[in-house]
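Visitor: The listed protein sequences derive, respectively, from chains A and B.
Under the UniProt record's numbering, the first sequence has 238 at position 238, and the numbering climbs by one with no breaks.
Under the UniProt record's numbering, the second sequence has 233 at position 233, and the numbering climbs by one with no breaks.
The set of hints was computed from the structure by calculation and includes no laboratory data.
Do not rely on the hints blindly, as some may be mistaken.
Copies of the same chain look alike in the list, so a pair counts if it works inside one copy or between any two.
Derived pair list, reagent style DSS-like, types lysine-lysine, alpha-carbon separation capped at 25 Å [to be verified]:
1. 97 <-> 169
2. 147 <-> 178
3. 178 <-> 285
4. 130 <-> 173
5. 198 <-> 147
6. 225 <-> 5
7. 130 <-> 178
Number of protein chains: 2
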Amino acid sequence: MATLKVPSSFPPAEEDSEQLRKAFAGWGTNEALIIQILAHRNAAQRKLIRETYAATYGEDLLKDLDSELSSDFQHAVLLWALDPTERDAYLANEATKRLTYSNWVIMEIACTRSSNDLFLVRKEYHARYKRSLEEDVAYHTTGDFRKLLVPLVSAFRYEGDEVNMMLAKSEAKILHEKICDEAYNHEEVIRILATRSKAQINATLNQYNNQFGNAINKDLKSDPKDDYLSLLRATIKCLTCPEKYFEKTLRLAINKLGTDELALTRVVVTQAEVNMHCIKEEYHKRNSIPLERAIARDTSGDYEKMLLALIGYEDA
Amino acid sequence: MATLKVPSSFPPAEEDSEQLRKAFAGWGTNEALIIQILAHRNAAQRKLIRETYAATYGEDLLKDLDSELSSDFQHAVLLWALDPTERDAYLANEATKRLTYSNWVIMEIACTRSSNDLFLVRKEYHARYKRSLEEDVAYHTTGDFRKLLVPLVSAFRYEGDEVNMMLAKSEAKILHEKICDEAYNHEEVIRILATRSKAQINATLNQYNNQFGNAINKDLKSDPKDDYLSLLRATIKCLTCPEKYFEKTLRLAINKLGTDELALTRVVVTQAEVNMHCIKEEYHKRNSIPLERAIARDTSGDYEKMLLALIGYEDA
């Protein structure tokens with residue numbers, strides 16, 4: 001469930017465009033007005049506002065937002081203003097240019113979006129970057145990370161509910177064998193995680209738990225500092241319980257000495273229209289503090305207001 | 001260019017359905033009428049005929065064709081009656097169930113269809129088989145074959161003409177190094193062939209030829225009997241000059257002691273509406289005999305007539 005709040009009666013895109021234009025006019029910028037409008041419009045409405053703005057003023061709303069705003073607030077508003085597919089293509093492209101930790105962003109997009117949405121991201125990637133997503137991911141990664149990430153971003157998983165229990169049992173056994181041998185990067189482990197449907201993987205991991213007495217992610221903690229192992233655990237989380245994965249990503253971003261604004265913004269912006277309601281509940285349960293309070297404590301100013309509005313905090 | 005000949009004025013689908021129904025009626029089947037109709041209708045027309053037939057007679061044209069016809073002719077007509085996307089999904093699925101040689105069919109579909117067509121095949125595969133194409137390919141293959149085929153069927157290649165010459169030079173060098181080391185299954189070789197656009201691969205292989213004095217496929221012949229190496233050469237051919245690949249597939253199918261009807265039918269049926277014109281020219285050039293004569297010498301009866309009609313042979 002989404003946390004984004006769109007007013008039941010909202011003005012036509014012409015009026016929103018005009019208001020945004022006013023927010024940029026003269027000395028200083030009216031940030032509150034920008035939040036009031038953009039943080040309360042869904043993807044289709046924001047798209048229409050961008051189109052109307054371009055048609056009316058002959059300028060790109062994103063460029064104007066870029067030049068009027070700054071730092072974390074700017075980053076959050078710009079990401080939010082993008083269409084979800086464009087945004088994922090942009091985030092994935094940025095991730096291919098950075099190091100280690102950005103592998104998580106690529107995996108997150110590959111594993112938490114629907115098969116069709118992931119395909120649309122790949123299509124958008126062609127249009128924007130004149131290359132394929134898997135091409136850039138393969139080129140910019142090496143070793144075990146490449147072995148895992150390339151099939152993840154290339155997957156077009158079946159999404160039906162059908163589950164083959166025989167297969168679940170036999171593949172649970174394969175996973176257990178490879179984990180016992182510490183062959184975490186074994187092609188069979190990657191094949192199962194990268195090609196099976198989420199329903200089938202869920203059945204397999206339940207079998208794993210039943211047959212071997214441990215959740216698989218417990219058995220993947222032999223070396224808690226190993227980067228590949230933690231990416232593998234995160235992959236499994238994204239495939240089976242994305243709201244827990246996002247809760248943890250928020251927790252780590254907020255609890256860090258010096259907030260990790262990139263991660264905080266990414267999760268809030270990409271999930272506000274999708275599943276942020278469940279993520280908030282998970283967060284509260286796990287941290288004994290509501291997410292809005294944790295965010296308010298760690299951020300400030302317009303950036304804070306923007307994030308709070310997106311997670312549906314009334315007083316924002 | 002296609003070889004399929006559709007008459008400039010063709011009857012409405014209702015009439016075609018009725019004629020086909022008549023061809024099935026009474027003792028014996030009117031095979032000539034079936035060829036006269038189906039082998040002269042394009043994919044959209046055949047689809048409409050199937051729909052009209054189902055609406056009029058409450059039966060599936062494919063099932064009726066299946067029960068009325070037999071052996072190689074039956075196989076050719078059934079494959080031809082399918083929509084190209086359905087047909088590829090079916091061929092790929094059949095290939096995952098068979099051994100070694102069928103790896104070629106999977107590679108052929110992955111490498112000679114457009115990115116978008118390959119994606120439509122993957123979508124159709126979900127619908128028909130309740131699994132993903134890459135899932136079945138990964139499950140039914142092992143070792144080097146899996147390493148190569150899974151990324152090939154999962155690819156969504158960029159299709160623009162842009163070429164990065166620096167990259168072409170550096171990746172030609174990588175390919176050459178790996179080939180010198182006989183590391184034909186190296187992940188870098190597979191990365192380049194499975195993720196780069198066809199235009200980029202072409203530029204890279206031209207660089208290879210320029211820098212190292214040999215076409216890459218010559219250097220991949222160290223062991224002419226190695227199955228993986230010949231699949232790798234075929235992959236390169238499919239990506240860079242599919243008409244040559246298809247010519248050779250036809251040549252081997254026809255010259256075999258006992259024609260390989262599966263391969264012959266597959267190439268004729270899948271290419272008749274696509275590129276059969278060039279394939280025929282290649283065939284004539286390479287074998288000093290027109291394709292229609294080679295086919296006529298090796299096949300007979302309705303099967304022969306069906307193939308000749310599809311390759312646009314007038315007297316068929």
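Visitor: Please go over all the hints and tell whether each is borne out by the structure.
Guide: Verification of the supplied hints:
1. For the identical chains of this complex, residue 97 and residue 169 are inter-copy neighbours only, at 21 Å across copies versus 39 Å inside a copy, given an alpha-carbon limit of 25 Å.
2. Taking the closest pair of Cα atoms, residue 147 and residue 178 come within 25 Å of each other both inside a single copy (16 Å) and across two copies (18 Å).
3. For the homomeric pair residue 178 and residue 285, neither the shortest alpha-carbon distance inside one copy (34 Å) nor that between copies (53 Å) is at most 25 Å.
4. Taking identical chains as interchangeable, the C-alpha atoms of residue 130 and residue 173 lie at most 25 Å apart only when they sit on different chains, with a minimum of 23 Å there against 42 Å within one chain.
5. Taking the shortest Cα distances, residue 198 and residue 147 sit within 25 Å of each other both inside one copy (19 Å) and across copies (22 Å).
6. Taking the shortest alpha-carbon separations for residue 225 and residue 5, neither the intra-copy value of 40 Å nor the inter-copy value of 65 Å comes in at or below 25 Å.
7. For the identical chains of this complex, residue 130 and residue 178 are neighbours neither inside a copy (38 Å) nor across copies (27 Å), given an alpha-carbon limit of 25 Å.
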